Structures are given as C-alpha cells and as structure tokens.
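Chemist: One-letter residues, chain by chain:
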Amino acid sequence: MSVALRARLTALGLITPLVAFLVVFFFWPLATMMMASVTDGTVRGVMPETAAALSGWDGNTPPSPEMQQALVADLRKPVDQLAFGDAVRRLNSELSGFRSLMSHTTSAVRDAPEGQALDLATVDPRWSETKYWLAVKHAMPLYTDRYLLAAADLERDAAGNIAAVDAGASANRQIMLRTFLIAATVTVLCALIGLPYALIAASATGWVRALLLIAVLLPLWTSLLVRTAAWFILLQNEGLINEALKAIGLISEPLPLIFNRTGVVIAMTHVLLPFMVLPIYSGLLTIPANLMPAAASLGASRLKAFRYVLLPLAFPGLMSGSLLVFMVALGYYITPALVGGPNDQMISSVIAFFATGTANWGMAGALGLILLAVTTVLYLVYGRLSRSPTMVGT
Amino acid sequence: MAFKRTISTIGGAALALSLAAGAAAARDLTIVSWGGNYQDAQKKIYFEPFAKKLGKPVLDESWDGGVGVIAAKVKAGEPNWDVVQVETEELELGCTDGFYEKIDWSKLGGKDKFLPAAAHDCGVGAIVWSTLLSYDSDKLKDNVPTSWADFWDTKKFPGKRGLRRGPKYSLEFALMADGVKPADVYKVLRTPEGVDRAFKKLDEIKKDVVWWEAGAQPLQLLASGEVVMTTAYNGRISGINKTEGKHFKVVWPGSIYAIDSWVVLRNSPNKQDAMDFIAFASAPENQSKLPDYIAYGLPQKEAAAAVPAKEAADLPTAEANMVDAVALDGAFWVDNIEELTSRFNAWLAQ
Numbered sequence: 002m003s004v005a006l007r008a009r010l011t012a013l014g015l016i017t018p019l020v021a022f023l024v025v026f027f028f029w030p031l032a033t034m035m036m037a038s039v040t041d042g043t044v045r046g047v048m049p050e051t052a053a054a055l056s057g058w059d060g061n062t063p064p065s066p067e068m069q070q071a072l073v074a075d076l077r078k079p080v081d082q083l084a085f086g087d088a089v090r091r092l093n094s095e096l097s098g099f100r101s102l103m104s105h106t107t108s109a110v111r112d113a114p115e116g117q118a119l120d121l122a123t124v125d126p127r128w129s130e131t132k133y134w135l136a137v138k139h140a141m142p143l144y145t146d147r148y149l150l151a152a153a154d155l156e157r158d159a160a161g162n163i164a165a166v167d168a169g170a171s172a173n174r175q176i177m178l179r180t181f182l183i184a185a186t187v188t189v190l191c192a193l194i195g196l197p198y199a200l201i202a203a204s205a206t207g208w209v210r211a212l213l214l215i216a217v218l219l220p221l222w223t224s225l226l227v228r229t230a231a232w233f234i235l236l237q238n239e240g241l242i243n244e245a246l247k248a249i250g251l252i253s254e255p256l257p258l259i260f261n262r263t264g265v266v267i268a269m270t271h272v273l274l275p276f277m278v279l280p281i282y283s284g285l286l287t288i289p290a291n292l293m294p295a296a297a298s299l300g301a302s303r304l305k306a307f308r309y310v311l312l313p314l315a316f317p318g319l320m321s322g323s324l325l326v327f328m329v330a331l332g333y334y335i336t337p338a339l340v341g342g343p344n345d346q347m348i349s350s351v352i353a354f355f356a357t358g359t360a361n362w363g364m365a366g367a368l369g370l371i372l373l374a375v376t377t378v379l380y381l382v383y384g385r386l387s388r389s390p391t392m393v394g395t
Numbered sequence: 086m087a088f089k090r091t092i093s094t095i096g097g098a099a100l101a102l103s104l105a106a107g108a109a110a111a112r113d114l115t116i117v118s119w120g121g122n123y124q125d126a127q128k129k130i131y132f133e134p135f136a137k138k139l140g141k142p143v144l145d146e147s148w149d150g151g152v153g154v155i156a157a158k159v160k161a162g163e164p165n166w167d168v169v170q171v172e173t174e175e176l177e178l179g180c181t182d183g184f185y186e187k188i189d190w191s192k193l194g195g196k197d198k199f200l201p202a203a204a205h206d207c208g209v210g211a212i213v214w215s216t217l218l219s220y221d222s223d224k225l226k227d228n229v230p231t232s233w234a235d236f237w238d239t240k241k242f243p244g245k246r247g248l249r250r251g252p253k254y255s256l257e258f259a260l261m262a263d264g265v266k267p268a269d270v271y272k273v274l275r276t277p278e279g280v281d282r283a284f285k286k287l288d289e290i291k292k293d294v295v296w297w298e299a300g301a302q303p304l305q306l307l308a309s310g311e312v313v314m315t316t317a318y319n320g321r322i323s324g325i326n327k328t329e330g331k332h333f334k335v336v337w338p339g340s341i342y343a344i345d346s347w348v349v350l351r352n353s354p355n356k357q358d359a360m361d362f363i364a365f366a367s368a369p370e371n372q373s374k375l376p377d378y379i380a381y382g383l384p385q386k387e388a389a390a391a392v393p394a395k396e397a398a399d400l401p402t403a404e405a406n407m408v409d410a411v412a413l414d415g416a417f418w419v420d421n422i423e424e425l426t427s428r429f430n431a432w433l434a435q
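Which chain is which? The protein sequence lines are R and H, in order. Take the first sequence: its letters are residues 2 to 395, numbered as in the working numbering. Take the second sequence: its letters are residues 86 to 435, numbered as in the working numbering.
It should be emphasised that the hints constitute simulated quantities derived from the structure, not laboratory data. Be aware that one or more of the hints could be misleading.
Simulated crosslink set (SDA-like; lysine to any residue; CA at most 20 Å straight-line) [what the hints assert, rightly or not]: (1) H/K224 x R/N238; (2) H/K160 x R/A37; (3) H/K272 x R/E244; (4) H/K245 x R/G342; (5) H/K160 x R/T43; (6) H/K158 x R/A353; (7) H/K160 x R/M34; (8) H/K224 x R/E239; (9) H/K245 x R/E244; (10) H/K245 x R/D59; (11) H/K160 x R/A32; (12) H/K224 x R/R262; (13) R/K132 x H/E423; (14) H/K245 x R/T263; (15) H/K128 x H/K158; (16) H/K292 x R/N261; (17) R/K132 x H/E424.
From a predicted model like this one, the values you see are computed outputs, not experimental measurements.
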C-alpha cells in the first residue's frame, strides 16, 4: 500500500463518524420526509380489487355494482390494521368524512353474510355519490402531487388541471409569505442592533467587554419559553412597559404591544440577537487594532475609515450572523403562538399541526419541502451577494 | 502504554456490559399524562401506590397530545411508552388506526361500571373535563355573563375575549351564541350551512379575540385583565381559585365536556402491568381521591358516587352542571379537523 493511499484511507476513516452522523440524522430523515410528500399507494395496498375495478371508471358515470363489490371484497379480507389506518387517513385528508364512512362501512361489511352481494348505498347513502369514489380513485396512483399542490393552496380540478382551491379554504401561501416577512424583519432589526453592539463589545476592554458579552450570552442560556413568558409580562396592557410609560405621562391608553406583530418581532429579535452579535464580534476580534489609526494617518475621516475599512471587514460576520438569524427565525412557532396575534402564526405551526395533530406526514413533508426549496433559493442568492465583501468599498 | 490499554479494555468491557444489560433488562412501566398539577395529583394517588403494589418502579412522562406522536411511536416497532392518557379524538383515531391494544373489560368489572362514553374498546375513561366560559368575579361584579350570547355581546361587556386557537370549540360556541340549542350544535355543524353560520358568527368578535393555545394561558389572561372573559378548562379554574385565592367564576350552561381515557400502546412490552395499572386507577377507592386535588369528574360510577357532595358540585359530572352541557363529538372532529383547521387558518389570515 502506498503512503499516499494510506494517508487518504486514514483521512477517510477519520471522517467516517461525521459521514455516518450526517446520513443518519440529516440526509435520511430529510429524504424520508421528502418521499412522504410525494408517495401515495397506501390505499392501493389495502384495496387491490377496488384499484382494479376503478382503473376503467371514467369518474363521471354513477358508481357501478362491480366497483361496489370489489370494495366489499377488499373490506372483507383481513388486513394489517396499521396499513388500513394509513389508507383511511389518506382518504379523509382528501375528503372529510371518510373516517366515519369507512369505519361504518367496514363493520357493516364484516357483519353481512359471506358470499352475498351487498348494496353499499343502503349501508351508507354517501356511496352513491361519485365524489367519494373519485377520492378513492385519486388515491390509487403510487405517486401524487396533491400534498405539494395543497401546500401551495392548489388542487387538481375534476378535469385534472391545476387550479386554486376555493377562496377561504386554505391560507398556506399567505402564512408562508408571512413567515419569510417576519424572519426578514427580525434579521434586519438584529443586524441594526447587533452590529453596533458587536463593535462596541470588540472595542471595549476589561470588565466592560465581559459585561457586554454576558448580557448577550445569558439570555442564550435561558430557556426559550422563559424568555418568551418574560416578554409577555413586560409587554401586556398592564405590563411593566405600559405602566412605566403611563406613569411618566407619555401615554394615557396602553400601547398595543402584545398579541400583534410588534410583540412577535420584539420578542424574536431579543431571542435571536446573540446569533447576530457573536459572529460579528468574533470576526471583529481578528481585525488588527492598528487599522483604524492607519486609515486616519492616511487622512481618512472617522466616518470614512469606518465605511471603507471596518465595515468591509465586519461584513463576513454580519453576513453569517444574518444567515443564522434568518434560518433560525423561519422555524419559530412558540414565540408567535404566545405573544402573537391571529395574523402572526408562522408556517411551522401549520407543519406541527399536520405532523403531530393529525399524523398527515405527507402534508407536513410537503410544507417542509416547499419551505426548504424557497430557503435554498434564498441561500443561493445570499451566497452570491456575500461572496464579494469588497463591493461596499468599490 | 500497557496502562492505557488496560483502561481502554476495562472501558470497552463496561460499555459492552451496559449495552447487554440495557438490551436484556425490560423497560419499566411508563405512564404518560398531561403534566402540571394534574399529573402531580396522579403521581400521588395512582403512580406511587401502584409502584409499591407492583414492587417495581413506575416511570411517568408528560406530553402535549397529538395522534401523530403516538403514530410515530407505534410505527417505530416497540413503543417506549406503555400507558398514555389521550383525548377523545386521539382515542377514536388511534383505535381505528390500530395504535392501541384492546381493553380487557373483565379486569375492570365490565363496561356498565362506567359512564357509557367512557367505556371504549381501546380506552378506559380517566376524567371528565369541561371547556367553559369563565370570568374574574373581582372585576365583573354586578353585570356578569351567563351565556355564549353574552360572550359575543361586546356592548354589554366591552373588552377582549379569550378563545382557544382552532376550529374545535370555537365553532360550537359560536353556534350557541347564534341561538342554536346545545343539543343541536353538532347536527347544525354537520351541514355546510352550519359551518358557514359559525364562521360568520365568529366574524362578529374576530377583532376582539385573544387566541390562546396552552391551558395555562387563559388564567394568565384573566388575572392580568388582558381579557374580560375567556374559555378555559374547568379544572384549571378551580385549581387557581384554590391555590392563588382568585375568584374566577365559570358558566356551566353551554359548556362542552369531554372524556380523557387511558390507552395501552400497541406492542407494549409491559402490556399486563399496563392493564393492571388502568384497573388500579379505575378502582373506586383510588379514583375517588382525585377531586381532592383537581376538579375533574370521574367516569367510574362508584367512584363518582363516593365524592363528597361539596366537591362534587364543582365537577362537570354534577347533575346541575350537566344541564345544557354538550358532549364533545369526537366522531365529528376526527372527520373534519383537517379541513376545518385549514379553513380556520385562512379565516384568521383574512
């Protein structure tokens, strides 16, 4: 074995734990959720005869007796209850009411004598409506775009064309847009506060610097819930801020600081500020202290020296801080839930509803996938912007 | 060098041993409930005495609900929870989807020892609890709300109102405020026109609502005066009156009650102990201690009868409190929760 090869193998061996970690905790879950958002076929799995009977149906004519008997035959067979549950959940998510319809029908079919034709319309009148059969037919392909479409408030109409859902039926697009807007607002505010803060902290020495850093780090070590609850106490109508403003006579009516966008932005900015200050601060520490005097000695005013020397050097830190804050802010939902109003809920609360509330992982995956796609595009744009820190100086 | 090797050999052996032990030793019975002072009470009257009886440790954890959590645990193979206290919809959904073991009712003395709604194939009722209108009687003295119509009357009662975020409960209360009789609420809600009517009624107070999510929030909102009245869980209200000397009042007519049940997760390795625990927690002599701690109704009939009259009057199961109360319709919500939540989110965003 040559020395070079051995060195390479050793290097590979050293990063194996990292690769394994990434695969198990990052790529695999990501791929699973992405697959969940486009795969279907749970219904086909438990209803093979119905699938065959429906393949020739045009979706317009009334449901035929063959289709009914195929469904009855499928429901008579003993099935894996977990798989059957998945299928029912899938159908109910397309058309509300399938849960009660299926459990009702299944028990009627199991109670009916074997070998006898069963008129499903007498079991439940809903089986004579084409829309229920259409929902079953739609669930038969192995791959589907319905979750992705639904995540963007779209659906396929009867003719199979992509169309917007009824107004007022869903607001995912609006909530997604709102999520990016809140994250962007918080990022800008964090930058406006974080940059001067980091500059002061980096130029300070001794206990002042320690104090400034602890002021940033301490909140980071406190539970998110506690910090949010503290804001609740500060911001409410009879809270500290409003009471203080009233006491000094600045206002007579309390300012609406909580249960609205203001409250969410204030609380999130506070919570995320450390992610902005720390990267800028560590970037500034590497800048030689004599650069500013050098600029001054060459005749630059303090403003010019800041603009053309310090700011470009702080730029990479500012950029990575902004990226961190923005990405973390996108996933927030506890803070908006506690201090926000009806129009401040972010997309993760919708994802959480589908993931934990109804176990509709297809929908949760699709919303996550769209969020990931939009974020990736933004990241690429950002990558181009942050590649040339000198652009401010040219 | 030799020293180092010895250390690593010992370390390796210890690691291997602990791994082997972990794989061989069965996990202790793990019970999951809703946390807070409710679970503290359960620990005292159910978990600790049962552990003593069993002669083995009993672990307890808390959760925030959601059938997705249970789905994830069951589908992963052997779940790391055994007994879980679930809400009506999680019981319904999880039972049809096969997430729970079937209950052995012979161990519990038969279904007729329980309220009918508490005796399910997959679950045993643990408590009866209500969501209802509540207000601070220190702040509202002479002019007090008595119905959902009052909740909607912003002239008579100016100020913000608290409602739980989501369509569940909000739509029912809106219909009652609009004049639907409590007994007809779900009949109306099952029609598309009924849903439209409920959302239209919610429009009237949309700008006056503070939406809450966690059960502790409405108490905070009432205490701080942020809202003039709010929906809340009855156990929390009587709890804070007792512990913090508040004078919060509740309005029983038009309240919606629901049953939380114990379930055993499918393929639980402690299935036998789990069933025994449920029987222990349902025994009248144990269950009747619960209202001492928290004002939840008892689904076991003998246990309910053993509660002292003074405490019983505060429970959702008291006869006077049941008049014009509505039972939460789990079947309606498992069918419609996804569609109506999407619509509710869109309505909020308008």
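Chemist: Would you mind marking each hint as holding or not holding in the structure?
Modeler: A quick look at each hint next to the structure:
| no. | hint | in the structure |
| --- | --- | --- |
| 1 | H/K224 x R/N238 | holds (16 Å) |
| 2 | H/K160 x R/A37 | holds (14 Å) |
| 3 | H/K272 x R/E244 | violated (48 Å) |
| 4 | H/K245 x R/G342 | holds (12 Å) |
| 5 | H/K160 x R/T43 | holds (15 Å) |
| 6 | H/K158 x R/A353 | holds (16 Å) |
| 7 | H/K160 x R/M34 | holds (15 Å) |
| 8 | H/K224 x R/E239 | holds (14 Å) |
| 9 | H/K245 x R/E244 | holds (19 Å) |
| 10 | H/K245 x R/D59 | violated (53 Å) |
| 11 | H/K160 x R/A32 | holds (18 Å) |
| 12 | H/K224 x R/R262 | violated (29 Å) |
| 13 | R/K132 x H/E423 | holds (18 Å) |
| 14 | H/K245 x R/T263 | holds (18 Å) |
| 15 | H/K128 x H/K158 | violated (23 Å) |
| 16 | H/K292 x R/N261 | holds (12 Å) |
| 17 | R/K132 x H/E424 | holds (16 Å) |
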